[in-house]
Amino acid sequence: MIWQNYQLGNTISKASEAMTLWQTEKGIIKIGKNTLAIPIMLSDKERGYVFHGNGKFLLDTIAETEEGAIGKPVEKEINKLFLLLGDTRQIQKQLTKANEEDLSKMGYQSQQEFVERAEDLCDQFFKKKGVHNHQCFGEHRGFIFIFQNQTSKLDILIAKGSKLVYMAMGIIFVSNENKVVLKSASEVVCAGNGKSVIIKK
Amino acid sequence: MSEYLNEEMKKLKEEMMGLKEQLKSVMGRERERRRGIYIDVGDRVHDYIGDVMDGVAEGIHGELEKSIFIGPRGVRILRRKEPHVKGDEVELSFPKVAEVMSALGHEHRLRILDELMSGGKYINELQEKLSEITTSTLSSHLKVLEEAGLVVQEKVRGRYLVTMPGRTAYKMARRVTRFLERRNRE
Chain A
76 MIWQNYQLGN TISKASEAMT LWQTEKGIIK IGKNTLAIPI MLSDKERGYV
126 FHGNGKFLLD TIAETEEGAI GKPVEKEINK LFLLLGDTRQ IQKQLTKANE
176 EDLSKMGYQS QQEFVERAED LCDQFFKKKG VHNHQCFGEH RGFIFIFQNQ
226 TSKLDILIAK GSKLVYMAMG IIFVSNENKV VLKSASEVVC AGNGKSVIIK
276 K
Chain B
3 MSEYLNEEMK KLKEEMMGLK EQLKSVMGRE RERRRGIYID VGDRVHDYIG
53 DVMDGVAEGI HGELEKSIFI GPRGVRILRR KEPHVKGDEV ELSFPKVAEV
103 MSALGHEHRL RILDELMSGG KYINELQEKL SEITTSTLSS HLKVLEEAGL
153 VVQEKVRGRY LVTMPGRTAY KMARRVTRFL ERRNRE
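So the protein sequences, as listed, match chains A and B.
Under the working numbering, residues 76 to 276 are what the first sequence spells out, in order.
Under the working numbering, residues 3 to 188 are what the second sequence spells out, in order.
Treat the hints as calculated values from the structure; they're not laboratory data.
Some hints here could point you the wrong way.
[Unchecked claim] The following label-pair restraints were derived from C-beta to C-beta distances:
hint: 1; chain 1: A; residue 1: 260; chain 2: B; residue 2: 109; range: 28 to 38 Å
hint: 2; chain 1: A; residue 1: 228; chain 2: B; residue 2: 24; range: 45 to 55 Å
hint: 3; chain 1: A; residue 1: 131; chain 2: B; residue 2: 170; range: 32 to 42 Å
hint: 4; chain 1: A; residue 1: 172; chain 2: B; residue 2: 110; range: 51 to 61 Å
hint: 5; chain 1: B; residue 1: 188; chain 2: A; residue 2: 244; range: 54 to 64 Å
hint: 6; chain 1: A; residue 1: 185; chain 2: B; residue 2: 136; range: 48 to 58 Å
hint: 7; chain 1: B; residue 1: 24; chain 2: A; residue 2: 254; range: 38 to 48 Å
hint: 8; chain 1: A; residue 1: 82; chain 2: B; residue 2: 173; range: 53 to 63 Å
[To be verified] With a cut-off of at most 20 Å between alpha-carbon atoms, the simulated DMTMM-like pairs for lysine to aspartate or glutamate come out as follows:
hint: 9; chain 1: A; residue 1: 131; chain 2: B; residue 2: 156
hint: 10; chain 1: A; residue 1: 180; chain 2: A; residue 2: 191
hint: 11; chain 1: A; residue 1: 180; chain 2: A; residue 2: 152
hint: 12; chain 1: B; residue 1: 123; chain 2: A; residue 2: 100
hint: 13; chain 1: A; residue 1: 147; chain 2: B; residue 2: 101
hint: 14; chain 1: A; residue 1: 155; chain 2: A; residue 2: 194
hint: 15; chain 1: A; residue 1: 258; chain 2: B; residue 2: 156
hint: 16; chain 1: A; residue 1: 254; chain 2: B; residue 2: 101
hint: 17; chain 1: B; residue 1: 15; chain 2: B; residue 2: 5
hint: 18; chain 1: A; residue 1: 147; chain 2: B; residue 2: 156
hint: 19; chain 1: A; residue 1: 254; chain 2: A; residue 2: 141
hint: 20; chain 1: B; residue 1: 173; chain 2: B; residue 2: 183
hint: 21; chain 1: B; residue 1: 145; chain 2: A; residue 2: 150
hint: 22; chain 1: B; residue 1: 123; chain 2: A; residue 2: 141
hint: 23; chain 1: A; residue 1: 108; chain 2: A; residue 2: 175
hint: 24; chain 1: A; residue 1: 147; chain 2: B; residue 2: 149
hint: 25; chain 1: B; residue 1: 123; chain 2: A; residue 2: 252
hint: 26; chain 1: A; residue 1: 147; chain 2: B; residue 2: 188
hint: 27; chain 1: B; residue 1: 157; chain 2: A; residue 2: 152
hint: 28; chain 1: B; residue 1: 157; chain 2: A; residue 2: 252
hint: 29; chain 1: A; residue 1: 151; chain 2: B; residue 2: 148
hint: 30; chain 1: B; residue 1: 173; chain 2: A; residue 2: 141
hint: 31; chain 1: A; residue 1: 147; chain 2: A; residue 2: 92
hint: 32; chain 1: B; residue 1: 157; chain 2: A; residue 2: 100
hint: 33; chain 1: A; residue 1: 235; chain 2: A; residue 2: 162
hint: 34; chain 1: B; residue 1: 22; chain 2: B; residue 2: 5
hint: 35; chain 1: B; residue 1: 173; chain 2: A; residue 2: 142
hint: 36; chain 1: A; residue 1: 168; chain 2: A; residue 2: 92
hint: 37; chain 1: A; residue 1: 238; chain 2: B; residue 2: 117
hint: 38; chain 1: A; residue 1: 202; chain 2: A; residue 2: 121
hint: 39; chain 1: B; residue 1: 157; chain 2: A; residue 2: 150
hint: 40; chain 1: A; residue 1: 228; chain 2: A; residue 2: 152
We put the CB at the ideal spot given by N, CA and C, even for glycine.
Start from the sequences, fold in the hints, and give me the full structure.
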């Protein structure tokens, strides 16, 4: 099973209510009401969604060390297309069919235009990043979120339970319960269990 | 000092050559013992490893010469790459220092920092500890500390944490306290 063989579903939906896609002690991803969604299919199974609407992304990329807290939280409005891979059963329940008006509110002239932009994002991730194995994102295996940043490159968040990896422009943040690795432009910090190592560049 | 190191490195190289020879004979015996297909990579690999090890040894030698000074009192390892700059030689960044000093310049804010030094706290925990400060005043003080970079607030859980500059500022406040106490005693 190869992710490059993905297909987008036939139906474009919208969020009937604002919903939280992911939430832990470290971060939250929320989407607003009327956010457009199109499913990503692989081997006739729904494996994720491409969303476009107004949402919010919060992530506390902070490492607590005995020298003090290092890093600052990431707080972003999500107003570009983004991708979610993972268990979609809960999300499906809160989606209804979108119409032309819903699409035009998000600036699309037609369904085809949204589909094409969703495909572009999927291709950018699946083909250029060389994602091959489905095992990583199967059911109950956590979530992967792909966001386009200002430079149209991809910010990636991989989350499973309390474990998470966030890779974005100038920052890599890895967290597992109280253990944290933070790599920023100026330093690398490894912290956990009251001990920490700080490497200044 | 350099001659001593050269001599040590020479000895190390000789030991390495000896080890290389031993490895050859062990590999030979192993080859005979094993069954199946064996691809002889020849002496080139051993030579290559030897060259790499020589390169590493020379690198270490160079670094040792740069960073270790053996004086009459023993070995001192120089950690700093840049020459140490004395405090009074550092150029002051007036706006930044003024911002930090201003953030520290209130008893309530110093108390807040003191509370946060023992670990991250939610605003209601701070409120409990600092009951003499009203909630709105506490929030505005926290905002000042945050803007000066002395405190950071988690966006998800909402806890307030002291940053590295915050800890340094707190230590400075303690030093001032010690100095004043000493002066008062005198």
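Tested hints:
no. : hint                      : in the structure
1   : A:260 x B:109: 28 to 38 Å : 36 Å, holds
2   : A:228 x B:24: 45 to 55 Å  : 52 Å, holds
3   : A:131 x B:170: 32 to 42 Å : 33 Å, holds
4   : A:172 x B:110: 51 to 61 Å : 56 Å, holds
5   : B:188 x A:244: 54 to 64 Å : 55 Å, holds
6   : A:185 x B:136: 48 to 58 Å : 56 Å, holds
7   : B:24 x A:254: 38 to 48 Å  : 42 Å, holds
8   : A:82 x B:173: 53 to 63 Å  : 60 Å, holds
9   : A:131 x B:156             : 15 Å, holds
10  : A:180 x A:191             : 17 Å, holds
11  : A:180 x A:152             : 17 Å, holds
12  : B:123 x A:100             : 14 Å, holds
13  : A:147 x B:101             : 19 Å, holds
14  : A:155 x A:194             : 14 Å, holds
15  : A:258 x B:156             : 18 Å, holds
16  : A:254 x B:101             : 33 Å, violated
17  : B:15 x B:5                : 15 Å, holds
18  : A:147 x B:156             : 8 Å, holds
19  : A:254 x A:141             : 13 Å, holds
20  : B:173 x B:183             : 15 Å, holds
21  : B:145 x A:150             : 17 Å, holds
22  : B:123 x A:141             : 15 Å, holds
23  : A:108 x A:175             : 16 Å, holds
24  : A:147 x B:149             : 12 Å, holds
25  : B:123 x A:252             : 18 Å, holds
26  : A:147 x B:188             : 44 Å, violated
27  : B:157 x A:152             : 14 Å, holds
28  : B:157 x A:252             : 17 Å, holds
29  : A:151 x B:148             : 19 Å, holds
30  : B:173 x A:141             : 13 Å, holds
31  : A:147 x A:92              : 30 Å, violated
32  : B:157 x A:100             : 10 Å, holds
33  : A:235 x A:162             : 11 Å, holds
34  : B:22 x B:5                : 26 Å, violated
35  : B:173 x A:142             : 11 Å, holds
36  : A:168 x A:92              : 11 Å, holds
37  : A:238 x B:117             : 30 Å, violated
38  : A:202 x A:121             : 19 Å, holds
39  : B:157 x A:150             : 8 Å, holds
40  : A:228 x A:152             : 17 Å, holds
Hint compliance for this structure: hints 16, 26, 31, 34 and 37 are not met, and every other hint is.
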